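Remember, our numbering sits 889 above the position in the sequence shown when you count from 1.
By construction, these hints were calculated from the structure, which means they are not laboratory data.
Treat the hints with care, as some may be off.
Taking lysine-lysine and the DSBU-like style, the derived pairs with C-alpha atoms no more than 30 Å apart in a straight line are [to be verified]:
1) K1121 with K995
2) K1108 with K1008
3) K1079 with K995
4) K1102 with K1008
Pairwise CB distance ranges, derived in the manner of DEER restraints [unchecked claim]:
5) R1003 with E1034: 39 to 49 Å
6) E1084 with S1018: 43 to 53 Å
7) D933 with D993: 20 to 30 Å
Note that the structure is a prediction, hence the values are computed from the model and not measured.
Note that CB positions come from ideal geometry on N, CA and C, so glycine has one too.
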Amino acid sequence: MAGHSKWANIQHRKGAQDKKRANVFTKIAREITVAAKLGDPDPDTNPRLRLAMAAARKASMPNDNIKRAIAKADPASGEGDYQEMRYEGYAPGAIAIIVEALSDNKNRTASEVRSVFTKQGGSMGAEGSVAFSFNREGMIMYKAEVADEDTMMEAAIEAGAENCESSEEGHIVTCAVEDFHTVSSALSEKFGDAEKAELTWTATNTVEVSGEKAEKLEKFIDALEDLDDVQKVFTNAEFE
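My request is simple: use the sequences and hints to build the entire structure.
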């Protein structure tokens, strides 16, 4: 189950996203609302909501904001009518891009995402145009000091994970989408809250980017993430 570490490259992107998202609270609040609306408003019985609330705590989101986001899930509130959407295409340099969004206005979101692709020199395609180059899976990340490689691998196998990659930087556990909540809950019980735990799109083959090409890609991704409706951006790029 071991392999080369992807921790540094993933953290590069994740760190950039967390620092540059001025509207991070808005994005987390939407995820909380959708999670509460699709499941139980009690995080103890709603894994997706529990993960969203954990992300809120990591971002130092006030408890009042979290409560308001959950309250919006109540149909009586007349709010929180968000739809999950996915957009696909290519950034400059033929880098594959998948964009996930939550929006209450599909036309607005599609127009804004398409505008970024056009202005930044990319090309937007139909749904499925690049997804075939990715695997949809669950990903749980822990820092290296949480456990040694053997301990983490054993726990991952017992929890039902498909893969565990460890390095001096950290552990990356991946699993099937349908096993995500079971695996993440089992690891959480053993090691505490993960550094990251989410459903992700992992490229089957990556493309190395550096220098000017990397700078253009960062600018492209930042422009997408600056949109209020965009939740996550995935790419097959591997930054040096």
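Consistency of the hints with the structure:
For the hint linking K1121 to K995, the alpha-carbon distance of about 16 Å falls within 30 Å, and the restraint holds. Of the supplied pair hints, the one linking K1108 and K1008 holds, its CA atoms being roughly 11 Å apart against a limit of 30 Å. Proximity of K1079 to K995 is assessed by CA-CA distance (about 41 Å); at most 30 Å being required, the pair is judged violated. Simply put, K1102 and K1008 have alpha-carbon atoms about 16 Å apart, close enough for the 30 Å limit, and the pair holds.
Our hint of 39 to 49 Å for R1003 and E1034 holds, since their Cβ atoms are close to 44 Å apart. For the pair E1084 and S1018, the supplied restraint of 43 to 53 Å is violated, since their beta-carbon distance comes to about 32 Å. For D933 paired with D993, a C-beta distance near 28 Å keeps the hint of 20 to 30 Å intact.
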